[in-house]
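Engineer: Chain by chain, the residues run as shown.
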Amino acid sequence: MAETAAKLPEIRFGRRPESYVHWKLEFQGDVARLRMAVQEDRGLNPDTVLKLNSYDLGVDLELADAVQRIRFEHPEVRCLVVTSVTPRIFCAGANIPMLASSGHAFKVNFCKFTNETRLYLEDLSAASGVRTLCAVNGTASGGGYELALACDWIMLPEDGNTAVSFPEVPLLGVLPGTGGLTRLVDKRKVRRDLADVFSSLAEGVKGRRAVEWRLVDEVVPSSQFQAAVERRARILADESAQATPLRAAPGVPLPDLACERDDARDDGGATTFRWAHVTMKVLRGERRAEIEVRAPESVPSSLDEIRAQAAGWWALRCFRELDEALLQLRFNFLDVGLVLVRTKGEAAQVIATDELLQEHAGDWFVGEVRHQIRRVLKRLDVTARSLFAVIEPGSCFAGTLFELVLASDRTYMLDHPDEANHVQLSEMNGGAYPMANGLSRLDTHFLGEPEKAREALSVNEPVDAATAMKMGLVTFAPDDIDWEDELRLAVEERSSLSPDALTGMEANLRFAGPETMETKIFGRLSAWQNWIFQRPNAVGERGALTSYGKPQRPEFDWRRT
Amino acid sequence: MSVADLSGRIPNNVNLKDDKRLLRALESWQPKYIDWWMEMGPDGFQADQIYLRTAISVDRDGWAQFGHVKMPEYRWGIFLADREDGRKIPCGDHYGKDAWQDVPGEHRNALRRMIVTQGDTEPASVEQQRRLGQTAPSLYDLRNLFQVNVEEGRHLWAMVYLLHSYFGRDGREEAEDLLVRRSGNADKPRILTTFNDPCEDWLSFFMFTTFTDRDGKFQLHALAESGFDPLSRTCRFMLTEESHHMFVGETGIQRVVKRCAEVMNKVGPEPDRVRAEGAIDLPTIQKYLNMWYTSSLDLFGGEKSSNAASYFAEGLKGRFMESKYDDHVCVDGHYDMTVVQDDRLVQEQIPLRIAMNEILRDGYVSDCENTVERWNKVLEREGREERLYLPNRRFNRRVGEYANIRFDPQGNLISEHEWTSKRDQWLPTTADFAYVKSLMHPVVEPGKIASWIAPPQKGINNQPFEFEYVRK
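Line by line, the protein sequences give chains A and B.
If you read the first sequence in numbering that gives the first Met the number 0, its first letter stands for residue 0, the second for the next number, and so on.
If you read the second sequence in numbering that gives the first Met the number 0, its first letter stands for residue 0, the second for the next number, and so on.
Among the hints, erroneous ones may be present.
Distance ranges between label pairs, derived from CB positions [to be verified]:
1. A/Arg260 with B/Pro197: 32 to 38 Å
2. B/Gly332 with A/Arg273: 39 to 45 Å
3. B/Ile413 with A/Arg260: 43 to 49 Å
4. A/Arg190 with B/Gly85: 41 to 47 Å
5. B/Asp17 with A/Glu238: 44 to 50 Å
6. B/Arg86 with A/Trp557: 28 to 34 Å
Only pairs whose alpha carbons sit at most 20 Å apart, straight line, appear in this in silico SDA-like list of lysine to any residue [said to hold, decoys possible]:
7. A/Lys549 with B/Gly300
8. A/Lys519 with A/Asp185
9. A/Lys186 with A/Ala227
10. B/Lys187 with A/Val219
11. A/Lys549 with B/His93
12. A/Lys50 with B/Val339
13. B/Lys96 with A/Pro553
14. B/Lys187 with A/Ser222
15. B/Lys19 with B/Val2
16. B/Lys187 with A/Arg207
17. B/Lys187 with A/Arg208
18. B/Lys31 with B/Glu173
19. A/Lys549 with A/Pro535
20. A/Lys549 with B/Lys436
21. B/Lys187 with A/Arg87
22. A/Lys50 with B/Glu173
23. A/Lys549 with B/Val328
24. B/Lys436 with B/Gln424
25. A/Lys343 with A/Asp479
26. B/Lys216 with B/Thr116
27. B/Lys471 with B/Glu444
28. A/Lys50 with B/Lys376
29. A/Lys549 with B/Val338
30. A/Lys188 with A/Thr515
31. A/Lys549 with B/Ala109
32. A/Lys50 with B/Asp341
33. A/Lys519 with A/Gly429
34. B/Lys187 with A/Ala227
35. B/Lys265 with B/Gly382
36. A/Lys50 with B/Lys471
37. A/Lys50 with B/Gly399
38. A/Lys549 with B/Glu347
39. B/Lys187 with B/Tyr165
40. B/Lys187 with A/Lys343
FYI, nobody ran anything at the bench for these hints, they're computed from the structure.
Note that beta-carbon positions come from the ideal geometry of N, C-alpha and C, so glycine has one too.
My request is simple: use the sequences and hints to build the entire structure.
Structural biologist: Structure below.
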């Protein structure tokens, strides 16, 4: 099966509301409205027709961008209404021909990204207090209903027709791929037997029953639907205003991220992306990428200065850049298996930034920057590539940037006799950036030795390689004689292992500790969905996904596994 | 041959009295149906005696018994065509296996959906037509309207019988919902758009019964080829009634055309002069034809349809006259379809099963062509040169490949500008509707008829036109 990402023009990630193709974003006082209006013939792949408000990655990139912009550019917003422009059609979910014609790696990465976007919607409410209302003004099937599930409040017109549904199992032989099943029972606490009925009923559930089964929060006669949505948006906005402090305008505009790109001519060569604070070099022939994150050169001295720097503030810009680097890797470089993460610059500047992040945490903008860093780090956590942190003299793995060490599968720290090489923790490592499991990376790292986490946090100064090794903060600390060989061998060994086994192994090991809805969603995605998408029953010649929209019926291998 | 039981509250030929559970379910639905009929059935004529035919069995003599009856007392019954021994699944992947006498579990939801969608159209059309009685051009036409209405009601009964018998609690709930939805009501609309469009004048009614009921004919034919035998048998009997509805529509328009031709022969063809005589001018007839024909084309669904493919593959729905085809599996064949690509019309080969809606529509289009041909015979007989025509199937569509793309009635791609400038020549304008509406006055004296329509060639059941088809 051809890889979509390979045959398509390279996917670009920056989006701006002025040039949204598939959504309309409007603001009215403290209520934002995001209305879906998918343009059938403007999918990323020109051959795909995005019928019935079905989405591809391009549609979801705009959605993710909109959620991000509401947080930064419109702090006055207290309620977001998600709905559709198209009469009688809310959203038909992910475009099936697009999925069926995509390679496995693209499919899983697509699902992962859409999951992240749904989680961003939930985070918008949980972390920023912007309540979300989904006005399901027409058929919502599959991913369409999953989009609704990511909102706080779901409204459905009661017209005898409009239903919410998960037709994946009965029609496509796959699963709702965007956390839908987990959200049904875990978030909305739909009874599991009813969830079972719902998820095997292609036409879905409508009207009063949808409320009784907890699938939606409210049904309203069609003629009163718009008015009821407005009323509910008002209630949610007022609730939000009472629960969270005022977030004063003006917002902080998010400009495009300037990026210089170099492509080596030969096929096995390197592609280098250079942003202001992040550089990513992709060595295609070696299936490896090297990411370098640089410390700020200067640090603002006050909140006013932070606000003056706005989106140019290192803490925001650097992590926006890292985010884009991760998306580049995921969608445009599917066969890169190993990422070496390095940092460069003055650790003291990072620590000084951490102090600002800590001191002004109550300011909405600084708060949003912290949330943004947390989300990017989580995106790193669920990026299915081996991550090795490489700590060398001149690096600045301190405080917030030490999270990169903690997020890595392994760390190599050069124990140099002559050159200083340090790592350093700050208060920001103590819980400012919880992982999907709800714990800090440090607590997850030391799950069995909590005293070591406390000890590490109490050391308020740089620690060298030997000490870091002793404290359990790094995996290996070779000296300068062994360093190059050790690193080379580790890279070569890692690059030789089965990519599937590594993805599975890493995903198992990264999320020790408690389960949350989020860990379940990603866990089940990488296990069950990943597996079902591979099976002949879905993607074989007569698999259900392959057969969808084709004249022949699916044929199943009936053996249960 | 099945034995009809006419003694119980619900006349039937399905041994209802031996199936207490089903009988109870239907008897509890019956009062709700009557409530619906009183609320949404023909407005203002419920107490009158109407000369109606009633089905009392499915054999040749039994399904058309005539007599004066009050509509609410009409004997709505459940009649299925007789069971054919050894009937096989006529198409799809299960072709040639025994037809299902019960609903196969894996097809339960799809079948229920199909039956509900079909069933929903029956009460919908009664609702659409409920005020027409007040402006009927003659007692003969009034009676025909009510005949169509009560039979649509009986078709609802037929679908409800299937829902109650074979689909358990869900089926009973769907049966209730069929009485809750209302044509044109924004809060509880009927399922298909066309059945929410108003049908407010008799020209529309005749167009509706010609074109929209003809869609019903083709859908029923396709369902008559279902591997689910009870559905097949139900639809086969419904077809006998449906043909009368199309007769009402086709002869209705025939008479409107005849009257128009007579007036043109008298005063010339200019629409204004025709209108001055109280008749409907040919361009207006053509515009109504264009509107109702194209909206009925939409009812067949998308030209390329994976739903249609899976219904065929599963043996739930076949083609019109499935037995006349050689290949009943249709895995390999293709259908040449005209599609729009980069603002041009091109031919595309579509897998046969995906094109099932279009194949059914093909039969419909050719049936409609014959109808228009017969209308043109009237013009010819009256010595007129003018002709009506059937617009191209791409014209004015709201569903499928051609939806929201502008075509002229010949099927050529045109610009939005051209569409805007010519639309009023092709489709009825507000003024046309107003004119037609201005003609709608009741004529209730036996033997009299309105100015815009010719009397029928003969009456119902060999009665004369002057017969008192409706008695106060």
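Engineer: Decide, hint by hint, whether the structure agrees.
Structural biologist: Now the hints, each set against the structure:
In this structure the supplied range 32 to 38 Å is violated for A/Arg260 paired with B/Pro197, their Cβ-Cβ distance being about 60 Å. In this structure the hint that B/Gly332 and A/Arg273 lie 39 to 45 Å apart at CB is violated, the actual value being about 56 Å. Checked against the hint of 43 to 49 Å, the C-beta distance between B/Ile413 and A/Arg260 comes to roughly 45 Å, which is consistent with it. A/Arg190 and B/Gly85 have their C-beta atoms about 45 Å apart, which keeps the hinted 41 to 47 Å range intact.
In this structure the supplied range 44 to 50 Å is violated for B/Asp17 paired with A/Glu238, their Cβ-Cβ distance being about 60 Å. Our hint of 28 to 34 Å for B/Arg86 and A/Trp557 holds, since their Cβ atoms are close to 29 Å apart. Restraint check for A/Lys549 and B/Gly300: satisfied, since their Cα atoms lie roughly 17 Å apart, inside the 20 Å limit. Using a Cα cut-off of 20 Å, the hinted pair A/Lys519 and A/Asp185 holds, with the two alpha carbons roughly 9 Å apart.
This hinted pair does not check out: A/Lys186 and A/Ala227 have alpha carbons roughly 24 Å apart, beyond 20 Å. Restraint check for B/Lys187 and A/Val219: satisfied, since their Cα atoms lie roughly 11 Å apart, inside the 20 Å limit. At roughly 17 Å between alpha-carbon atoms, A/Lys549 and B/His93 fall within 20 Å of each other, so this suggested pair holds. Among the hinted pairs, A/Lys50 with B/Val339 is consistent with the structure: their alpha-carbon atoms are about 16 Å apart, no more than 20 Å.
Taking the CA atoms of B/Lys96 and A/Pro553, the gap is about 19 Å. The hint holds against a cut of 20 Å. At roughly 9 Å between alpha-carbon atoms, B/Lys187 and A/Ser222 fall within 20 Å of each other, so this suggested pair holds. Restraint check: the Cα-Cα separation between B/Lys19 and B/Val2 comes to about 18 Å, which is no more than 20 Å; the hinted pair holds. For the proposed pair B/Lys187 and A/Arg207, the alpha carbon gap of about 13 Å is at most 20 Å, so the pair holds.
A threshold of 20 Å between alpha carbons decides the hint, and for B/Lys187 with A/Arg208 the separation of about 16 Å falls inside it, so the pair holds. Between B/Lys31 and B/Glu173 the alpha-carbon distance is near 13 Å, which keeps this suggested pair within the 20 Å criterion. Among the hinted pairs, A/Lys549 with A/Pro535 is consistent with the structure: their alpha-carbon atoms are about 16 Å apart, no more than 20 Å. The hinted pair formed by A/Lys549 and B/Lys436 fails the criterion: a straight-line CA distance of about 47 Å is larger than 20 Å.
Between B/Lys187 and A/Arg87 the alpha-carbon distance is near 13 Å, which keeps this suggested pair within the 20 Å criterion. A distance of roughly 28 Å separates the Cα atoms of A/Lys50 and B/Glu173; the hinted pair therefore is violated under the 20 Å criterion. Of the pairs offered as hints, the one joining A/Lys549 and B/Val328 holds, with about 14 Å between alpha carbons and a cut-off of 20 Å not exceeded. Simply put, B/Lys436 and B/Gln424 have alpha-carbon atoms about 19 Å apart, close enough for the 20 Å limit, and the pair holds.
Between A/Lys343 and A/Asp479 the CA atoms are separated by roughly 19 Å; this keeps the pair inside 20 Å, and the hint holds. With a CA separation close to 14 Å, the supplied pair B/Lys216 and B/Thr116 stays within the 20 Å bound. For the hint pairing B/Lys471 with B/Glu444, the CA-to-CA distance comes to about 11 Å; that is within 20 Å, so the pair holds. A distance of roughly 44 Å separates the Cα atoms of A/Lys50 and B/Lys376; the hinted pair therefore is violated under the 20 Å criterion.
This hinted pair checks out: A/Lys549 and B/Val338 have alpha carbons roughly 18 Å apart, not beyond 20 Å. Proximity of A/Lys188 to A/Thr515 is assessed by CA-CA distance (about 14 Å); at most 20 Å being required, the pair is judged to hold. Of the supplied pair hints, the one linking A/Lys549 and B/Ala109 holds, its CA atoms being roughly 17 Å apart against a limit of 20 Å. This hinted pair checks out: A/Lys50 and B/Asp341 have alpha carbons roughly 17 Å apart, not beyond 20 Å.
With a C-alpha separation of about 24 Å, the suggested pairing of A/Lys519 with A/Gly429 is violated against the 20 Å cut-off. For the suggested pair B/Lys187 and A/Ala227, the alpha carbons sit about 17 Å apart, so the restraint of at most 20 Å is met. Restraint check: the Cα-Cα separation between B/Lys265 and B/Gly382 comes to about 12 Å, which is no more than 20 Å; the hinted pair holds. Taking the CA atoms of A/Lys50 and B/Lys471, the gap is near 54 Å; set against the 20 Å cutoff, the hint is violated.
Straight-line distance between C-alpha atoms of A/Lys50 and B/Gly399 comes to about 11 Å, which keeps the hinted pair within the 20 Å bound. Proposed proximity of A/Lys549 and B/Glu347 is supported: the alpha carbons are some 15 Å apart, at most 20 Å. At most 20 Å may separate the alpha-carbon atoms for a hinted pair to count; B/Lys187 and B/Tyr165 exceed this at roughly 25 Å. In summary, the hint linking B/Lys187 to A/Lys343 is not supported, as the alpha carbons are separated by about 64 Å, beyond the 20 Å threshold.
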